[in-house]
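In our numbering, the protein residues as written are 70 to 274.
These are computed hints drawn from the structure, not numbers from a lab.
Hints may be right or wrong, so weigh each one.
[Unchecked claim] Label-pair restraints from in silico Cβ distances:
| # | residue 1 | residue 2 | range |
| --- | --- | --- | --- |
| 1 | 201 | 129 | 32 to 40 Å |
| 2 | 194 | 134 | 37 to 45 Å |
| 3 | 267 | 128 | 15 to 23 Å |
| 4 | 182 | 124 | 20 to 28 Å |
| 5 | 231 | 187 | 20 to 28 Å |
| 6 | 267 | 156 | 24 to 32 Å |
| 7 | 252 | 218 | 17 to 25 Å |
Note that CB positions come from ideal geometry on N, CA and C, so glycine has one too.
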Amino acid sequence: MRYAALAPLLLLASACTSPESAQTTTAPAADTTAALEPLDTARAPAVTAQSDTLKTVRRRHLFSSPTAPDLFMLVLRGPAVTGGEVTLTITDAGGQVIFRELLTAADLEASMVYEMKTTTATPAEREAFIRKRMDEFFADKNFRTPALSAREAYQPGTLDRATWDDLQRQPRAIGFHYLVGKEDVRRVVWLPRTKQVVHLPGFGG
70 MRYAALAPLL
80 LLASACTSPE
90 SAQTTTAPAA
100 DTTAALEPLD
110 TARAPAVTAQ
120 SDTLKTVRRR
130 HLFSSPTAPD
140 LFMLVLRGPA
150 VTGGEVTLTI
160 TDAGGQVIFR
170 ELLTAADLEA
180 SMVYEMKTTT
190 ATPAEREAFI
200 RKRMDEFFAD
210 KNFRTPALSA
220 REAYQPGTLD
230 RATWDDLQRQ
240 PRAIGFHYLV
250 GKEDVRRVVW
260 LPRTKQVVHL
270 PGFGG
């Protein structure tokens, strides 16, 4: 009689611990990861560091290497062409920036006085002149070989005498010159011995 009374309880306990029932109560939560949108790494940000770039001029020319051209680049940035900042860089074939100089739009505009036919220029004329100066900045005429003529007398305060003499003995050295302001013609050259770009005395007006 006691066994008969316990039998229904044993069957109920067995049903509660069956494998099918265990799977139902311990099933993992639904995986919602697949429903998330993947990150878009190719999407451009709303604002970039180059958003204020107004004009860029590039030119490849032999300079620090006799066989691999360097990249000469002029970048104008700012709120307006006439009030912008100009960055001059020279990058070698390996991607190393070997020269950098900061100029202003006014540095490029100053020589406009020699071409003006009136006493004043309109904003459009000023902007056009700055853009023209940039386009002509790396013209062939601005590269000279040799960089330092053997006839040039040593000028103290620029290079030491040994470096000056060594450079004059390099007829294939290439110099690059550019006008800043009205009359400041600057010259730079690559020195293989020190592996750096240095300024030479300017040409004057």
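A quick look at each hint next to the structure:
no., hint, verdict
1, 201 / 129: 32 to 40 Å, "violated, 21 Å"
2, 194 / 134: 37 to 45 Å, "holds, 40 Å"
3, 267 / 128: 15 to 23 Å, "holds, 21 Å"
4, 182 / 124: 20 to 28 Å, "holds, 22 Å"
5, 231 / 187: 20 to 28 Å, "violated, 51 Å"
6, 267 / 156: 24 to 32 Å, "violated, 19 Å"
7, 252 / 218: 17 to 25 Å, "holds, 20 Å"
Checked against the numbered hints above, the structure violates hints 1, 5 and 6; every other hint is satisfied.
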